[in-house]
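Trainee: Listed below are the residues making up each chain.
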Amino acid sequence: MSETPCRDVPLQEWTAALTAARDEGFDFFDWLTAVDETDAEETPGFDLVCHLMNSSTGRGTLARVLVRTRVPNGQPAPSATGLWRGAAWHERETYEMFGIDFAGFDDGTGLGLRPLLLPEGFDGTPLRKSFVLASRASKAWPGGKEPGEGAGGHDGGAASDKPGRKKINAPGVPDATWGPR
Amino acid sequence: MPVDLPMPRIGAVNDDAPRPIKLVLNWGRRYSLWVFNFGLACCAIEFISASMARHDFIRLGVIPFAPGPRQADLMIVSGTVSDKMAPAIRRLYDQMPEPKYVISFGACANSGGPYWDSYCVTKGVDQLIPVDVYVPGCPPRPEALLQGIIRLQEKIASETLSNKAIRAKYAGSRRAAAGEVTRPLLSKTEMTGRDTAGVPS
Chain A
1 MSETPCRDVP LQEWTAALTA ARDEGFDFFD WLTAVDETDA EETPGFDLVC
51 HLMNSSTGRG TLARVLVRTR VPNGQPAPSA TGLWRGAAWH ERETYEMFGI
101 DFAGFDDGTG LGLRPLLLPE GFDGTPLRKS FVLASRASKA WPGGKEPGEG
151 AGGHDGGAAS DKPGRKKINA PGVPDATWGP R
Chain B
1001 MPVDLPMPRI GAVNDDAPRP IKLVLNWGRR YSLWVFNFGL ACCAIEFISA
1051 SMARHDFIRL GVIPFAPGPR QADLMIVSGT VSDKMAPAIR RLYDQMPEPK
1101 YVISFGACAN SGGPYWDSYC VTKGVDQLIP VDVYVPGCPP RPEALLQGII
1151 RLQEKIASET LSNKAIRAKY AGSRRAAAGE VTRPLLSKTE MTGRDTAGVP
1201 S
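As they're listed, the protein sequences go chains A and B.
Counting along the first sequence from 1, when you hit position 31 you're at 31 in this note's numbering, and nothing is skipped either side.
Counting along the second sequence from 1, when you hit position 170 you're at 1170 in this note's numbering, and nothing is skipped either side.
Pulled out of the complex, with its shape left as it was, chain A reads as follows:
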């Protein structure tokens, strides 16, 4: 399958780009999510991605398009609930997972943006790269490939013993300031 065409638009033109795509015939809202690009070289922030389909092209030739914009950290994005009512769940999920606010969000209940999937009382935005996984604070990562390997702490053990193995700083792994383990 060929790559889905992607339209990159500035944040101010988000609603206009979605409206234009819908008027072109991409009237089926498939999904909306975000990508954490806060470690990008230029314009760090979150990529807001929306996948739309053209339902009128017929079976087997379903046209698709991705609309993408970069939202700086802490800034609200315009809501798409005015264009598709079904965008409400996706925006609520993006809100709880990435902490992105949606200006003008309206799902008809008047309750505003609120968590959708996370258990009650959950603290934090788990799909951000800055979210630390607490289990990894107590257990070394990456661990050994074989049993008995990598019994050392987070920085010691198998990872640093092997000269060929590159040390990886994966998202979610707590750094050294979390203390000895």
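These aren't lab readings, by the way, just hints derived from the structure by calculation.
Accuracy of the hints is not assured; some may be wrong.
[As the list claims (entries may be wrong)] Distance windows between CB atoms, simulated:
1. B:Gly1061 x A:Pro119: 18 to 28 Å
2. A:Asp30 x B:Pro1087: 24 to 34 Å
3. A:Ser55 x B:Gly1061: 51 to 61 Å
4. B:Gln1127 x A:Arg85: 31 to 41 Å
5. B:Gln1071 x A:Pro72: 48 to 58 Å
6. A:Ala16 x B:Glu1180: 37 to 47 Å
7. A:Ala16 x B:Pro1067: 51 to 61 Å
[Stated by the list, open to error] Heads up, incomplete: computed chain B residues facing chain A, CB under 10 Å, no partners named:
8. Phe1065
9. Lys1084
10. Gly1112
11. Pro1114
All residues carry an ideal CB built from backbone N, CA and C; glycine is no exception.
Assemble the complex: chain A is given as a structure, and chain B must be docked to it using the hints.
Mentor: Using the frame of chain A, we list chain B on its own:
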């Protein structure tokens, strides 16, 4: 006229029964395990496979047709327990009448499995409810479940069941007996109120 049907309890007879009678009671209990399948992920497929003709755990007396937790003796938690699902598991476990048993089926239910560092997965169902038998595997084969059931039956055969023993077994984890986790039937007005609530007009 409302009929008062209290939760069945283990009577005093069980406490004072002589050994041969206890043997017979345990024998009856171990070969009539009505199972309540808490299928949460792919392990549930292996559970279903174990219940079908090839592996057929019904020949061990495990009956997978419990209408709900209130009619079940055994709960098999098969799959990934998420933190969001955890209160439901606890509640349904509390609704099961005692004596009740739990088999934790698969790596996820045992310890979190491949999701050991996830933000939303409970690290083992034993953090919520007391587990009798753990079946390892990802997912375990149906034969592993059969072995787990046999181990549980051995455990049941050797136990002394009395109110005192049950209290000791569930000490620290028993929050409510089945009869306490109940809710009155909904009246008709409540039902219609529930249907319209939350629907935008």
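Trainee: Hint by hint, say whether it matches the structure.
Mentor: Tested hints:
| no. | hint | verdict |
| --- | --- | --- |
| 1 | B:Gly1061 x A:Pro119: 18 to 28 Å | violated, 37 Å |
| 2 | A:Asp30 x B:Pro1087: 24 to 34 Å | holds, 32 Å |
| 3 | A:Ser55 x B:Gly1061: 51 to 61 Å | holds, 53 Å |
| 4 | B:Gln1127 x A:Arg85: 31 to 41 Å | holds, 39 Å |
| 5 | B:Gln1071 x A:Pro72: 48 to 58 Å | holds, 56 Å |
| 6 | A:Ala16 x B:Glu1180: 37 to 47 Å | violated, 58 Å |
| 7 | A:Ala16 x B:Pro1067: 51 to 61 Å | holds, 55 Å |
| 8 | Phe1065 | violated, 31 Å |
| 9 | Lys1084 | holds, 4 Å |
| 10 | Gly1112 | holds, 8 Å |
| 11 | Pro1114 | violated, 12 Å |
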